[in-house]
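**Student:** Sequence:
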Amino acid sequence: LTDSDVQQVAELLLNGHVKKDGDEQHKKDAVKKLFGTDSGIIQAKIIDPLSEKQITYQIEGVSGQKTVKEAATQSDSHRALASCYGRKHSTPTKKQELATAATTNKKCKEETDENKCKGDKNCEYSDGKCKLKEGVKSENDDKTTKNTTGSNSFVINKAPLLLDFLILA
Numbered sequence: 034l035t036d037s038d039v040q041q042v043a044e045l046l047l048n049g050h051v052k053k054d055g056d057e058q059h060k061k062d063a064v065k066k067l068f069g070t071d072s073g074i075i076q077a078k079i080i081d082p083l084s085e086k087q088i089t090y091q092i093e094g095v096s097g098q099k100t101v102k103e104a105a106t107q108s109d110s111h112r113a114l115a116s117c118y119g120r121k122h123s124t125p126t127k128k129q130e131l132a133t134a135a136t137t138n139k140k141c142k143e144e145t146d147e148n149k150c151k152g153d154k155n156c157e158y159s160d161g162k163c164k165l166k167e168g169v170k171s172e173n174d175d176k177t178t179k180n181t182t183g184s185n186s187f188v189i190n191k192a193p194l195l196l197d198f199l200i201l202a
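Read in order, the letters of the sequence shown correspond to residues 34 to 202 in my numbering.
Just so you know, the hints here were simulated from the structure itself, not pulled from any lab data.
Don't take each hint at face value.
Here are the computed lysine-lysine pairs in the DSS-like style, where the Cα-Cα straight-line distance is at most 25 Å [as the list claims (entries may be wrong)]:
no., residue 1, residue 2
1, K121, K99
2, K149, K166
3, K166, K151
Here are the simulated distance ranges between beta carbons [stated by the list, open to error]:
no., residue 1, residue 2, range
4, G94, K151, 51 to 57 Å
5, D54, I92, 42 to 48 Å
6, H111, G152, 53 to 59 Å
7, S37, L83, 21 to 27 Å
8, Q58, T89, 40 to 46 Å
9, D160, H111, 57 to 63 Å
10, K53, Q98, 40 to 46 Å
11, T100, K52, 33 to 39 Å
Heads up, the beta-carbon is just placed ideally off N, CA and C, and yes, glycines get one too.
Please take these sequences and the hints and turn them into a complete structure.
**Tutor:** Here you go:
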């Protein structure tokens, strides 16, 4: 409860910022709220599960598996953690694409009433069913979310190298 780093982490997690002139009791309350009041609770809730949690990764075609604790202490662990981080951040893109496809398919429900179907300009009634028009299908196929992080990361990662080169020249 008295460690200043733990108090700052607790305030950041709960409030999103650390108060500059926050009183000690407020900081202690934040730690109690986040971690509980029992001594050793941080070790039991956070540190111990990390020593058991396995992460799997693949680097240059070679798969590997480590515990989080091992990955934090070994010299080449930064590559394993970077692989896991990259995999984690590529997942939302896949979910967004699936959500876009699902909303397109739900646009024209299986209506059997011709008048209700024709009420929507993107639907057409044929063979006793309400279906999405062909032109609308092809338009929606191009509206998938595109991730440009990969192309931007080249510029971000190479900019310091370019600056170093220009300074030396």
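**Student:** Provide an ascending list of the numbers of those earlier hints which the structure does not satisfy.
**Tutor:** Going through the list in order, the structure violates no hint and respects every one.
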